[in-house]
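Enquirer: Sequence:
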Amino acid sequence: MWARCLIFLAGAVFIHGQNATADVTIAELMVTSNVSLAAKTVLTALSNTSALNSDVTIVELDLVADCLLVGAQTTCSCSAGYVWSNTVCYSTNPPTCCNDTACNQNVSHLTPLCIPKEKVSMSGSVTLRSGPWQDSHKTQVMNALKTINGFLGLNISMDKSTTNFIERMEDNSNIAHFEADFNVKFETSKLQDFVADLETTLGATVLVETLGLVTISAPKTKVCYKSNPTMNCNLEEATNSSGWRLTSKDEKDTFKLNDGSVVTIDNSCATSEYKSCVSLKLNGITGRWAGTYVCGFTTGSINHIAKTELDVVLLPDEITMSTNPLTADCTKVEPTSMVTVEVTATILNSSESYRHHWKYTDEETSQQGPIYKTKSDKVELHYSAQVKVNCIPTKEAHRVSITFTNSKNQRKNATVDIPVIYANEKFCEKDGDEWPKTPDGDTVINRICGEGRTGYKERTCKGKEWQSVFDNCVKEKLYLVLKKAEKFQEGLVANPEEVLYIFSGLSNISAEINSSIADVSASINVLAVMANASKLNPFQEDVVPAFLGGASSMVNQSWDGINTTIKGSMAANYLQSVENLVKNIEMNATKGHMTENLDLKISSTPDNVTSVFNISVAMHMTSGIIKMVSVKKLTEKLGSLKDKRPSELLVSVTVQNSSNSSTSITLDFPKDEVDHNKVTCVFWDTTDNVWSNEGCRVNKSDDGRITCQCDHLTSFSVLMSKKPVELPFLKEITYVGLGVSICSLLVLLIIEALVWSAVVKTNLSHFRHTALVNISLCLFLADCSFIASSFPEILNGTSCLILTVCKHFFFLSMFGWAMSLSIMLVHQLIFVFNPLRKRVFMFFSSIVGYVCPVIIVGTSYVYYKYTGSPYHSDKCWLIFDGLLKGSMHAFLIPVGIVLMTNVFSMVVVILTLMKSSSPDSSKAEDKDTAKSILKVVVFLTPVFGITWILGFLQLFLSDAGPPLFEIIHYSFTILNSFQGFFIFLTGCFAEQKVREEVLRLIMAKVPSKEKSESMRKLTSITNSKTNEN
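In my numbering, the protein residues as written are 1 to 1029.
Please note that the accuracy of each hint is not assured.
[What the hints assert, rightly or not] Derived BS3-like pairs: lysine-lysine, alpha-carbon spacing no greater than 25 Å straight-line:
(1) K483 to K627
(2) K281 to K483
(3) K885 to K865
(4) K437 to K487
(5) K487 to K583
(6) K457 to K637
(7) K332 to K307
[Said to hold, decoys possible] Distance windows between CB atoms, simulated:
(8) K395 to E458: 46 to 54 Å
(9) D181 to I794: 55 to 63 Å
(10) I448 to I794: 51 to 59 Å
If you are wondering where the hints come from, they were derived from the structure by calculation, not from laboratory data. This one's a predicted model, so the numbers in the text were calculated from it and none came from an experiment. Note that the Cβ used here is the ideal one computed from N, Cα and C, for glycine as well.
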């Protein structure tokens, strides 16, 4: 019996409704017959078949394989462009049906049978542990590769410069490089078997890299300047590690990429289909991010890579504007005349052909360019325009701008103002060749620096007197170090060698004696950039000597020639950068480092006492790592504390991985470091950049030494403060109040569960108790979240974020239910004959109490996450950066709206009570009315959250001095930390029905005799009170 089997590969496209996207499905169709069939006949028949259904369309048919079965003999072959699948190839042992050769096995039942050819290449090296390479070794490599499906050919050379194996054998080299080609994506397990086999049989070390097994997705066309492209790499097999690297467009440099301000690498995108995945997101790219991107997955000595090109539509990264002459002098010409000034814009040369145009006071002006000019081994383009400056006096600035436009119609512009000296007006006389005549109030920028320096100088004319020169010309080699640091921070060249190179260069340059204030400022900027980079990629200890050496040299340099404000800002930036670097450098806990002006010590022992520059630092801790650094010559640069002279030594202490609930720092200063008549212990407040003595105490010892003790913990008032507040006993009040509130709210919820059916008899009581339960539950969870975040230094970033979100949500939910209760109360008072339905109240309250808070919290978190601004601080609460700035406004604004609504509702209730009292009422009736109003205020204030108004007073009066400042914070903390207790008293315990039902439940547990006696006494007491009334 003859039988012929045809296997077809058909593609079907599914189009869903109006959706423009389509899913492509590839399927195999097997056609069997007991007679010979012509393939074309079957294909024609299928192609003429109508769609399988309304949603499926056959778009492509192809013959992939055919098998001829004659009795027990089988002959199968793949069609042109197809090869046997890995399933077929490895279905027999040894493999016989591989590559695209004919197969004499009956494999027609396997799926998939044949697959399209795909180009896969393999390269690597084999290093023999002993002896030189022989021709027999090449044969062994060839035979091992033939066991992998899709193998096409092999090329071996003794080095990468030649393919002549025979010539290189005479060199007695033990290293051979090989390249192999395949036409199918083979299984990586077979590659691992290949490596293991060669390492065993040859006694060698084998390194392999494949190209073609990894699937890569990337933009297919040019991406816009400052865009955010994303690339993904996937591999079906699980691997040990992954990464990305970039080869520049000119192929001069190759960079390893790591997380930074531009680069974000994500390894968490694996799926069940692709067990290895790595994605790369670039944020705001420029021209230097164009080039070849290579992703790689590594397992042992095997590396799987994929490549893609990324092309960027460019715009100038920097546009430098200059004028010639620097000022326009109208004193020597007629007022109606014109003075010609040449304005030049300089950019780096690029492959982009820009369109450009000039404007002078909103009018087009004559232009020329570009003119090519080489500087510092880089080709620059100079665009110039001739500007006719009108000498008629005007208050408007003579502003010239240039705009560059790329092929995507993106634009970038730069402007320069031309100072004009009008007749009969004040000006400063020419001062040498650098500073021309300049009108009063204008600043001249001179971009000519001395040899070996780059940047600019500027000088302001005030009246007829020149002000001091602001010199921003820095050493070119320091400028290059700064640029390298910026690249590192972006995620380019992110490797330990580059970190050491940057800090070594900074140390060497900072030690030079001819450094200017501009050099010091640039050096501090290098520290700041590297400190930010270290947050994502902690540095190793080998950079510490160079880092401390450079930092020490910076404070040795003269900081004269700048005003106190700029000097203080530089010093604060320096201190913050040093602290962050010390925190983020991974150091041995047993070693210390000392330079002329910085002394660094590390310790992990409990109750540690360490000396830095003769200052004894004591930390009372049971766990964690303590890093202490003392800095000389910095306190005077930070600024003085009113009339006090700061000590020359400043001590910074960083605690990491500590589980202690509190931290106490004691500093013991030597006699010669303090003024014994006026001693104050202060710390540098990094939020306001001022000295502060909050949380610090000073003690004098008998021998004349000064001891400072400081501690800083979170108080409850931080919830509605611009910054953390430290006042005596404030944190103790906070935690006692929260503990009492949590217990009270828990008891309230239990009582409500027990008495619910007895007290909820009417719609009004149902509304009230439903709101009360939800208010209590939300406040209970919010207080628990606050307690859990009281010591943020022991929490990791994720825990801190979760607790911040919980506090944000539960406090808003509490206020939402409070507003629902107040609105319900007003509705019942105003619309007496139109009572609120239960379904309406529950729907409205659920929206206000839960849905709105979810939307507010979720929206604010997403907004701050994707705008790059922080959602929460290291205190595990929202951030206040100023009026309408910072995430705290996502709490303040909703709470403010609720408080205004609740105050309005309370006023309506009070006015209703007042109207119910007649004008000719007696004093007793007026007294009862006053009592009723007082009762309303007392009972509704905790439930409505009215005491939180004090939080807004904290914000508005944050700069108020004592005693108002202390009164507000203590009042807010006491009233709101005990809010749960007050709700328990006024909302639950004070209600007669609740008390009676609780008493009934208690009496139900008492034996009958005791119960009768108790009820008799209770009845007697009740009758007595009734008779008295």
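Enquirer: Check each numbered hint from earlier against the structure, then list the numbers of those it violates in ascending order.
Expert: 1, 4, 7, 8
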